[in-house]
Amino acid sequence: MSKRYFMVRVLFDKQLTEQHLIEAMAASITKLFGEVGMASINLRLVRYDSERSEAVVVCEKATTNQLLTALTFVREIEGAPISILVVRISGTIKGLLKPKK
Amino acid sequence: MAGYRSVALTIPTAILNEYSKTLAQCFAKAGLETVSRIDLTCSNRYELLKLLRRFRNQYDVVSVKCTNQNVAAIACRDRRVDIVFLDPNSRNMKFTHTLARLLNGALELNLSFLLNRESGDALNKAMRHMAVAREHRVKVVLSSGCTSPKMVRSPMQIRAVGVTLGLSEAQSAEAISSIPASIIVSNLERRSPLYIEEGVRLVGRNGSK
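From first to last, the protein sequence lines stand for chains D and S. Okay, so the first sequence: first residue is 126 according to this note's numbering, each after it adds one. Okay, so the second sequence: first residue is 16 according to this note's numbering, each after it adds one.
Where hints are given, some of them may not hold.
[Said to hold, decoys possible] Simulated restraints, written as ranges between beta carbons of each label pair:
| no. | chain 1 | residue 1 | chain 2 | residue 2 | range |
| --- | --- | --- | --- | --- | --- |
| 1 | D | A152 | S | S163 | 41 to 51 angstroms |
| 2 | S | R152 | D | H145 | 40 to 50 angstroms |
| 3 | D | G216 | S | A43 | 31 to 41 angstroms |
| 4 | S | N59 | D | K219 | 53 to 63 angstroms |
The set of hints was computed from the structure by calculation and includes no laboratory data. Every residue, glycine too, gets a C-beta built ideally from N, C-alpha and C.
One chain only, chain D, in its complex shape:
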């Protein structure tokens, strides 16, 4: 199955752990698309750079729009507002990290 890799930038005032980030994303997917949606998206956090507030997540190609929507609706973590901005999408991690022309 082909995948889609997302480069996301997290705007959050506090220190954010990998665990918190993936839980917030999973909660948003489950709330919008349910357990079946969560299973079909097959979300995985590939890497997270807390200093640069950047993360790479991966999902199934067919569910790209669902993951984009779910990331849009992540609003808060433990009462503090958060914004997850999708900066780039690619089919490979190499393509994702390639500088923009």
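Based on the hints, put chain S in the right spot on chain D.
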């Protein structure tokens, strides 16, 4: 950073002249063009027509928040209105087939209403509005409606929300790119001193080169 080219600022009339240049400079530093926008909220048609007469020429984009069906019908029919939007949290407002047939401008879906929703009802209502818009091929504008940096989402995320709510991929992409751009271009042209009326433009004066 988020991938936008222009931003429409809702500036209150009282501070429009004072702050519009400063704000435009701030956004220009970040590589963003700015256009002024006004959101009119009225309770009846007389109020709406009065406000349109007063503010149409001062702002680049005029949008009307439809609070009841009467105001919505007038706003949809009036050619001076660029955008209409319905509060998905209000119970008595629906984007009906009649409104879709009357609409001259574009229907706006404001993402901030959905982000701040209290129940799934707002999403359901937005989906029904999009279904009507799709059926009547109404122009749709998807906007962030953000009031703070934490509410900003990238254009591809907003496009994906449009697709999830029932728009086609193409419609959703147009709703965040070409439709808002065309509204801005036509209004800037309309506000230029060379504009006479639709289809009539001053190209030169007698004696000028």
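Starting from the hint list further up, note which numbers the structure goes against and sort them upward. The structure conflicts with hint 1 only, although it agrees with all the remaining ones.
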